[in-house]
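J.: Listed here are the chains, written in short residue letters.
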Amino acid sequence: MKIPMSWLKTIVPVEKETRAFMDDMSRTGTVAETLTVTGTDITNVIVGKINKIEKHPNADKLLIVQADVGGGVMQIVTGADNLKAGDFVPVATDGAVLAGGKKIKRGKLRGEMSEGMLCSIDELGFTRHDFPEAPEDGIYVFLEPQTLGADARPILQMIDEIIEFDITSNRSDCNSIYGIAREAAAAYGKKLILPSIAVKAAAEKKAEDEITVTIKTPQTCPRYIARTVKNIKLGPSPQWMRRRLSSCGIRPINNIVDITNYVMLEYGQPLHAFDIDHVAGKHIEVRMARGGEKFVTLDGTIRVLDETMTVIADRDKALAIAGIMGGENSMVTEDARAILFESANFDATNIRLTSKKLGLRTEASGRYEKGLDPELSVTAVNRAMELVELLGCGEVTPFTADAYPTPRIAKRAAYRPSRVNALLGTNISAGDMENYLENIGIETRKKNSDEYEAVIPTFRPDIECEADIIEEVARFFGYDNIPATLSMKGAEQGGGKNRKQAALEHVHNVMRSLGYNEALTCAFESPKAFDRLLMPPDSPLRNAIKIINPIGDDFSLMRTTTLDAMLNSIAVNCSRRNEYARLFETAPVFLADALPLTDLPCEKLTLTFAAYDKKQMDFFDMKGDVEQLLEMLEIDGHRFESCSALPHMHPGRTAADPALGYFGELHPRAAANYQINARVYVAALDLENILARIISKKGCAEYKPLSKFPPAERDIALQVKREVTAMQVDDAIRQKGGQWLADVILFDVYEGRQIQEGFKSMAYSLSFRSAERTLTDDEINKKMSEILAHLAKTTGAVLRDK
Amino acid sequence: MHDDDLMALSKKFDAMLEVSDDPAALENLRLFLLGKKGELTALLKTLSAMEPDERRAFGQKANEFKNYAENKLDEARRQNDAKQIENALGLEKIDVTRPGRRRPVGRKHPLTQVLGEMKDLFVGMGFTIEEGPEIEKDYYNFEALNIPANHPVKDIQDTFYIDGQFVLRTHTSPVQVRVMEKRKPPIRIIAPGAVYRADDWDATHSPMFHQLEGMLIDKNITFGDLKGMLIFFAKKLLGEDVGVRFRPSFFPFTEPSAEMDVACYSCGGGGRGCRVCKESGWVELLGCGMIHPNVLSMSGIDPAEYTGWAFGMGPGRITTARFNIPDTRLLFENDMQFLNQFNRP
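Line by line, the protein sequences are chains A and B. Just so it is clear: in the first sequence, position 9 is -9 by the working numbering, and no numbers are missing. Just so it is clear: in the second sequence, position 322 is 323 by the working numbering, and no numbers are missing.
Isolated chain A, as found in the complex:
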């Protein structure tokens, strides 16, 4: 809501400097967002009177004008031909700045000195909507004589301060100058008295001026008032009205339209004017539109309506879409003889939904959809009639139609001063509370020593209960005056992170220590993601939850995998030529039991990490990270085995554990789909499973005694068939290793010369250790032969000759 200070100050005295006033308003709840000072960008434009006009000796289309500017006479060359001696005009002097930053300098024009410039209305930043008396193409001439040499800006009412207020959705009453004025007065401890309205309605009472009004849908139209004006004299409205409209962002049109808009700015009530000659049957009916009913709005657009939309109709046809826009068929034109003024109240939700469906928002709909007071309708229409008489643009008839089936009754709310103070932590007197409330139009009645009744004005439907009254009191007592208390109430339970939160933080710490940066991605998924990830058409991951109103197709699903977002992030790094990237993310995927959803879906936390390094990285770097992570998280018993079933993963370089997830190299075709030109390694682990295992461990790690005895090491080189895996050999060794086997390390794998075709050599280092004593050679040798026998039996491994 834009409020010109020049206007507001005519209603409520504001003594403070404007910035301070804005602060005071914000602190009482009417947020003053921005301040715009108008007119100050234009400088050095003064009033001049034309003494003499002569032809330019060297140019047919130019004139030389002598203008008296008080302190002297200026010679100005101009091209305009609308001037005569004696005209008062705006003169831009040397150094003046005009609209759009245009600078004026004295200089010669075709050999003749021009000491400045005569200004058109455009050059002063206006249009002919603001000053209809200005010529279409020529110099603006003041309507009345002015003081010579005076600053032209105040005469044209150019200088003003305009505050933009941000009105919360519950305060539609503040979308008006009087609404703001009421708050401004209350902010300074005063009550605003609204001016009284006097309508003469002097026209003789005649049946022909009357109109019948029927509301067929009182649920969408609680009130409809019609008044009529005849003998219309259409013309421009006065300058003061045009200026105020323009300052508030509304274009002046003509006196009738301007009056409807002006009253809307004053009171917040939209009005509409119909040409009575186009109201068939002299009858107004508020009804629902018929399905498919076509209607041409004022802007010339054909609108197709449906049964949920309210229209204003006459006997035969729709005249307006209620509360949103009138129709071309009843628009007020130059030959209008008589006019019907509508001041109605419409249901906020109905207007909002209709406006949304039609994609049509207007000043009126914007106000109606926030909810208006039906009591306001009568004030507004009377004010409009008063202005019609004041401006002399027609004869107001004594006729009024007011359909108001269920008048709104002022609500009552009880409040207890003790409770007000208890909730705020204050000590405000009951009398002060009454004052604060009275200032904003709430009447109070004392019921007993600690109970009051507040009568809520109809324009404040947001006030319903004691809590609302408490807020009103707090607003004017001042939030900043409420003493701040640092209380420990409610802290008995003690704060902290729960075990799952602590475990998740631990996972983050380990991932960072492994050199992965934490990534943040969006939970939306593109339907194209599944193709990028080479998912087959029947992949369950494609059963993603759909958003009805996504911001775009690429953001239309809730993700079932975090991989797509992770790979997009990797791709960003690749495309920006980053030599390496290491990223991890812990985030939920959204898995539905059934679609459409019947219950909340499973939001399953996933740990995803991915890396590439153009210098050096392979599968075992990634595997090392996974192993170290699991070691740090004390997760054991995992078995990551070769897995070629994942379509987006390299079939020969992927390992999976049935409970924990998988890791490996991304399939080169998938990498190509993301335009990643590096080998990318990814891991996708079930974080819920990991966290559950961490949490299930009772207490903390327990100290194990350190062995004082050195380990005995035995290195062996085994020859095994090529297809035997390290896991098979490892398993066999450990199965027979016994309590002393401390470590099994594969330190070399070799294929080629010296090894039989189809076989490979695997070199292991085994270490044995006891906490109690030094193991003897015999003991270890015995263990080794058991291990070797078992290896031979289970894997066919034989000891290679030295």
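Quick caveat, the hints were computed from the structure, so don't treat them as lab data. Glycine included, every Cβ here is placed at the ideal spot set by N, Cα and C. Be a bit skeptical, because a hint or two may be false.
[Said to hold, decoys possible] Here are some chain A residues pointing at chain B (derived, C-beta under 10 Å):
1. Met4
2. Glu15
3. Ile284
4. Tyr461
5. Phe506
[Stated by the list, open to error] Computed far set for chain B versus chain A, every beta-carbon distance over 12 Å:
6. Ala9
7. Gly36
8. Ser49
9. Arg56
10. Gln61
11. Leu74
12. Ala77
13. Glu87
14. Arg99
15. Gly101
16. Ala204
17. His211
18. Thr255
19. Glu285
20. Met291
[Said to hold, decoys possible] In the DSSO-like style, the derived pairs of lysine-lysine whose C-alpha atoms are separated by at most 30 Å in a straight line are:
21. B:Lys94 x A:Lys479
22. B:Lys237 x A:Lys479
23. A:Lys742 x A:Lys765
24. A:Lys482 x B:Lys109
25. B:Lys138 x B:Lys94
26. B:Lys185 x A:Lys479
27. B:Lys12 x B:Lys109
28. B:Lys138 x A:Lys528
29. A:Lys586 x B:Lys109
30. A:Lys479 x B:Lys236
31. A:Lys66 x A:Lys(-16)
32. A:Lys597 x B:Lys94
33. A:Lys680 x B:Lys67
34. B:Lys138 x A:Lys586
35. A:Lys479 x A:Lys686
36. B:Lys183 x A:Lys679
37. A:Lys338 x B:Lys138
38. B:Lys220 x A:Lys479
39. B:Lys279 x A:Lys84
40. B:Lys279 x A:Lys(-9)
Got chain A sorted already, so can you dock chain B onto it with the hints?
T.: What follows is chain B alone, placed relative to chain A:
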């Protein structure tokens, strides 16, 4: 006679020591003098054949010479060792200004840093951390928070709908309702998490962003308590001398409602004003208020017995402000060049 031999030997030793400049030469010299067949050893062997007086006098001199020679040899050996190490060190000299070999170290995402700091502050004040689903029932996101069907707020918040019954939560407030339903006061919780609103991506908006909400419910909780705790929080987060103001606002789930502003972090506030604060000197930090009695009763808490306050804020906005990040989208790109910048929370 013997004395002359000793003298000559001493001179010879000194001369030989002079030219022995490696460990082998020194060892040879030791053997020449003190070895089993060494010159001095040979001289000492003659002692037994001497007269007692002569033996004593000569023995003393010979032993003095032996000590002298041994010390000299030790010292020469030490000097020689030192010189050798020094030579070796000279050869091993490297260019220490060449770059070191690094291992990557991961960083916390800047948003996590800010969120983490906020969580720690509240945990320190006795709050627990609660979580809830991101796909939420319409009831918890709206109705239970005093936002009826068809209320304009449902539009203003530009909700993403899954269908009539399920939405992407537009705020973390549903978590508060879920906690109130299952727990009796006193309640002292915060609820951080991702929320969604149908905004297009631009420099200051993203359709997914983060919120941190909190509430405190107990007997006799006042608006003054709300102020006290949130001022304390703001000072800890932004600095002890940060300017703070509370002004009335509107949220369906709190009454009275307030907006807490802090002095503009860009221009420092104090009436100077800049673009960030729209010339006002203040920027919004969080929304807050006393929990609406309807919300309490809907969740099974008697508003006559208990009162409470709640707040909600956007750590994303505070993150971009703190690190001077010009565009919210940078937070979601995960460029290493970006993430590697934020080492200092």
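J.: For every hint, state whether the structure bears it out.
T.: Okay, the hints, checked on the actual structure:
| no. | hint | result |
| --- | --- | --- |
| 1 | Met4 | holds, 7 Å |
| 2 | Glu15 | holds, 6 Å |
| 3 | Ile284 | violated, 26 Å |
| 4 | Tyr461 | holds, 4 Å |
| 5 | Phe506 | holds, 7 Å |
| 6 | Ala9 | holds, 56 Å |
| 7 | Gly36 | holds, 40 Å |
| 8 | Ser49 | holds, 51 Å |
| 9 | Arg56 | holds, 55 Å |
| 10 | Gln61 | holds, 52 Å |
| 11 | Leu74 | holds, 38 Å |
| 12 | Ala77 | holds, 40 Å |
| 13 | Glu87 | holds, 36 Å |
| 14 | Arg99 | holds, 17 Å |
| 15 | Gly101 | holds, 15 Å |
| 16 | Ala204 | holds, 16 Å |
| 17 | His211 | violated, 9 Å |
| 18 | Thr255 | violated, 9 Å |
| 19 | Glu285 | violated, 10 Å |
| 20 | Met291 | violated, 6 Å |
| 21 | B:Lys94 x A:Lys479 | violated, 52 Å |
| 22 | B:Lys237 x A:Lys479 | holds, 20 Å |
| 23 | A:Lys742 x A:Lys765 | holds, 24 Å |
| 24 | A:Lys482 x B:Lys109 | holds, 19 Å |
| 25 | B:Lys138 x B:Lys94 | violated, 70 Å |
| 26 | B:Lys185 x A:Lys479 | holds, 19 Å |
| 27 | B:Lys12 x B:Lys109 | violated, 76 Å |
| 28 | B:Lys138 x A:Lys528 | holds, 15 Å |
| 29 | A:Lys586 x B:Lys109 | holds, 22 Å |
| 30 | A:Lys479 x B:Lys236 | holds, 23 Å |
| 31 | A:Lys66 x A:Lys(-16) | violated, 39 Å |
| 32 | A:Lys597 x B:Lys94 | holds, 28 Å |
| 33 | A:Lys680 x B:Lys67 | violated, 73 Å |
| 34 | B:Lys138 x A:Lys586 | holds, 18 Å |
| 35 | A:Lys479 x A:Lys686 | holds, 29 Å |
| 36 | B:Lys183 x A:Lys679 | holds, 27 Å |
| 37 | A:Lys338 x B:Lys138 | holds, 24 Å |
| 38 | B:Lys220 x A:Lys479 | holds, 25 Å |
| 39 | B:Lys279 x A:Lys84 | holds, 27 Å |
| 40 | B:Lys279 x A:Lys(-9) | holds, 24 Å |
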